[in-house]
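S.K.: Work out the full structure, taking the sequences as your base and the hints as a guide.
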Amino acid sequence: MTFFYVFGAVAVIASLLVIAQRNPIYSVLLLIASFGALSGLYVLLDAPFVAVTQIIVYAGAIMVLFLFVVMLLNAPHEETEHDEKIHPLRRPGPMRFGAALAVSLLVELLWALTRGNGEPNAFGEASVSSVRTLGRVLFTEYAFAFEVTSVLILVAMVGAVVLAKRDPRAHT
Amino acid sequence: MPTLNDYLVLSAILFAIGTAGVFVRRNLITILLSIEIMLNAVNLSFVAFGRSLGTADGQIIVFFVMTVAAAEAAVGLAIVIGLFRHRESLNPDTFTSLKW
Chain X
1 MTFFYVFGAV
11 AVIASLLVIA
21 QRNPIYSVLL
31 LIASFGALSG
41 LYVLLDAPFV
51 AVTQIIVYAG
61 AIMVLFLFVV
71 MLLNAPHEET
81 EHDEKIHPLR
91 RPGPMRFGAA
101 LAVSLLVELL
111 WALTRGNGEP
121 NAFGEASVSS
131 VRTLGRVLFT
141 EYAFAFEVTS
151 VLILVAMVGA
161 VVLAKRDPRA
171 HT
Chain S
1 MPTLNDYLVL
11 SAILFAIGTA
21 GVFVRRNLIT
31 ILLSIEIMLN
41 AVNLSFVAFG
51 RSLGTADGQI
61 IVFFVMTVAA
71 AEAAVGLAIV
81 IGLFRHRESL
91 NPDTFTSLKW
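Heads up: the protein sequence lines correspond to chains X and S, in order.
In terms of the numbering used here, the first sequence opens at residue 1 and continues consecutively.
In terms of the numbering used here, the second sequence opens at residue 1 and continues consecutively.
These are calculated hints, taken from the structure and not from any lab test.
It should be emphasised that the depicted structure is a prediction, and the values quoted were computed from it without experimental measurement.
Virtual Cβ for every residue (Gly too), placed ideally from N, Cα, C.
Reference listing, derived: stretches of chain X covered by chain S, where coverage requires no fewer than 3 residues with Cβ under 8 Å from a Cβ of chain S:
{"id": "1", "stretch": "15-24"}
{"id": "2", "stretch": "34-44"}
{"id": "3", "stretch": "54-65"}
{"id": "4", "stretch": "127-134"}
{"id": "5", "stretch": "144-157"}
M.R.: Given below as C-alpha cells:
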C-alpha cells in the first residue's frame with residue numbers, strides 16, 4: 001500500500017515546513033495540508049468519520065480561527081532577525097537544549113518501536129467503520145463524557161469572550 | 001500493507017516535530033500550531049490502536065480530543081490577543097513579569 005507512504009511523507013514534510021516558516025500565515029496553510037494528509041491516513045485506517053471530522057473541524061474551523069487571529073494581529077513576521085543572523089549552534093541556550101530534547105525524544109520513541117522482536121503486527125479483519133456504531137457507542141457508553149464536553153465548550157466560549165474583551169478601565 | 005508499527009513510527013515523528021517546534025520557535029501562534037501537530041500525532045496513534053484492536057473506542061477518544069483542541073485553540077488565541085494588546089509583541093521572551 002503506497003498510499004500510506006505518500007500521505008505520511010506529505011504530513012511529515014508539511015509539519016516540518018510549519019516549523020521552518022517565519023511567516024505564521026504560511027505555517028497555518030501548511031498545517032492545513034498536513035491535516036489533509038492525516039485525514040487520508042484515517043481513511044486508510046477504516047475511520048471515515050474521523051477523517052471527515054478532521055477536515056471539517058480541524059482544517060475548517062480551528063485553522064480558520066488561527067488564520068483569523070494571525071490576520072487580526074497584523075504582526076506576521078517573527079521578530080528574530082538578530083537570532084537568524086547568528087549560527088544555529090550559537091542560539092540561546094534553552095532553544096538548543098529544547099531542540100536536543102526533541103531529537104532525543106524522537107530517537108527514544110523510534111528505538112522503542114523498532115526493537116520489537118516478534119512478527120509484524122498487521123491489522124486484523126475486524127474494524128469499526130460505520131458511523132452508526134460510533135454514534136451508538138458515543139451516546140450510550142460515553143454519554144456522560146459527551147455531556148461534560150458540552151459544558152467544557154460552554155466554559156471555553158465564555159472564557160474566550162472574557163479574555164478577548166477590551167478592558168473598559170483602559171479608556172477612562 | 002502498513003502495520004501498526006508503521007503508524008506508530010509516523011505518529012512519533014510528528015510528535016517530535018511538534019515538540020521541536022514548541023522549543024525552537026519564538027512566536028506564540030507558531031507554538032500553538034506546534035501543539036496542534038502534537039495533538040494530531042496522538043490522534044493518529046489512537047485511531048491506529050483502535051483499528052488494531054477492532055474497537056470503536058479509539059475513534060471516540062479522537063472525537064473528544066478534537067473537542068478539547070477546539071476549546072484550547074479558542075482560549076489560547078484569546079490569551080494571545082490579550083498579550084498582544086498588552087505588549088505589542090508575540091515573542092514569548094517579552095513576557096517576563098512573572099520571571100524571578
